[in-house]
Amino acid sequence: MKLSHIATAIAGFVVGILISSVFDFGVSFGWLILLVAFVFFARARLFSGDDGRDKIFVHLFIFCVFISLAIFRYDFVNTKSETSLAGFVRAEGLVTDEPILKDKNVTLKVALEKILNTDGELISETPIRVLVTSKGIYRGFSYGDRIEIIGDLKRVRNFLPAEGGDGQVPEFDYAAYLAKDEIYYQFQDPKIILISSGHGFFLQRELFNIKNSFLKNINRAIPEPESALMGGIVIGVKSSLGKEILEEWRRVGLIQVVVLSGYNISVVADVVAQIFSFLPLGMRIGFGSLAIILFSMMTAGGATVVRATIMALLALLARATGRIYLSGAALLVGGVLIVLYNPKTLVFDTSFQLSFLATAGLIFFSPIIERMLDSLELIFKKAGSILTKVESPFLKVSSEKFNLKSLLSSTIAAQLAVFPLISYKMGVISLVSIPANILVSPLVPITMFLGFLTGIIGYLSYLLSLPSAYLSYIILAYDLKIAGLFASLPFASVNVPFPFWLAAFIYLLYIFIVVRNSVSSKN
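First residue of the sequence shown? That's 177 in the numbering used here, and the numbers climb one at a time after it.
There may be inaccurate statements among the hints.
What the hints assert, rightly or not - Straight-line alpha carbon distances no greater than 35 Å define the calculated DSBU-like cross-link-like pairs of lysine-lysine that follow:
no.	residue 1	residue 2
1	K657	K278
2	K278	K290
3	K311	K290
4	K330	K280
5	K330	K601
6	K178	K419
7	K311	K419
8	K392	K285
Claimed, not checked - Each pair of labels, with its calculated beta carbon distance range:
no.	residue 1	residue 2	range
9	A653	E358	35 to 43 Å
10	P303	L379	14 to 22 Å
11	D365	L549	53 to 61 Å
12	S373	T302	19 to 27 Å
13	I182	A218	17 to 25 Å
14	L552	D365	54 to 62 Å
15	R396	I371	12 to 20 Å
16	V695	I276	44 to 52 Å
17	T302	V215	19 to 27 Å
18	E358	L208	26 to 34 Å
19	A680	A218	31 to 39 Å
Just so you know, the hints here were simulated from the structure itself, not pulled from any lab data.
Since we're looking at a predicted model, the values are computed, not measured.
Think of the CB as a built atom: it goes at the ideal place given N, C-alpha and C, for glycine as much as any other residue.
Could you build all of it, start to finish, from the sequences and the hints given here?
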């Protein structure tokens, strides 16, 4: 199969998943598209060798076949949500993830193993995943606890702005967001009884324990709110940051730094590689990969972190080797395989979208922006800039050793790549996003390193962890000051609807720029 055929197949598969995610016409629509595909195949045979028209119909055949295959795949995954179990029940199951504590609420993800009705009759023994949300319940629940739940089991429903949204978007498709993890039901304020503890996968349980003890070491050495920010940057734990700080970081376009997504993983991997750019290629890739793996281990994350890690490793490979379009193809294939495994990630998993786009930005945009910075540097030199003449030896050495130009280009590239998506999802356009990210994002790898150092040394001695804790406190306080300063500006962000068509147009413009740059480079 030719590369053009593979590209057509991938395009067809993605379009098929998009159609199913947005419209969900059902499997019959897939059979209809498959029928159309064979019509194109017949036309291709009819026009064989006739002015290239047969090639067009072959591409249309492949495109439609993979649309139908994508629809079949999505329908197969979606049939798991058809079972109706709603009603007042008594259920027993295992807590499958860490509890999410927010304000006075706690949320548990539970795999139910047995469901009984009010008469004690068995309704289902088929394992299903549910979300349990309650106010003021016992907060000692943890991964691997076996619990009994008594309450009203309901289908997950979407948030309206008055119920749970922030009024900036018309409706949050909460049902679809949870469906990507095969969660279709929820309990709200049920009675919960702890039966026993210590179940679940041993390694996962130990990783969660390590993460929690690691956070305790950080919280002991660094005061609030800086310690909460460190937890968000290093491990993605943002529940203790508080609404005010989170809102400030949203307003200035920095929220991705403290949200567990591929954005921060990708940027960190690339920046670490650039810091060690003076080393041989193998060692440079090794240090960057080690940073990614350490992050993944410490978060003890599941599929979200695995996906983000794959994307980050691809971006690191591209930037380190310079083989941009080969890495771009690997990124595309990797993304398709992830969507093939779980079709609902394409539309409903914002973390996957951020991972993919940030990685694509680092692969394709960073070289373009770096060349633009080279041009600006040349212009300043020709103009006889005073800054160039009086440049200090320290700045010159630091620029050469740590490749500040690459750090800057990576930050801008990733920010540009995710800007349309974040604006569309949140309904907020941050007018200070790029300057805020330029001032904060390059310090994220250093912050992470100091955070790891503080947490690890804290196992040995609280006093020995204080030097790294103090240094990290200075950077974290600086980050909070920058975010607060930009957020206080009256024009920091604009709460306006950012329509889908505008986001799509910007991404099409990005593609045009990348293609045009590629053609210009070849010429």
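(Q) If you test the structure against every hint from before, which numbers come out violated? (A) 6, 15 and 17
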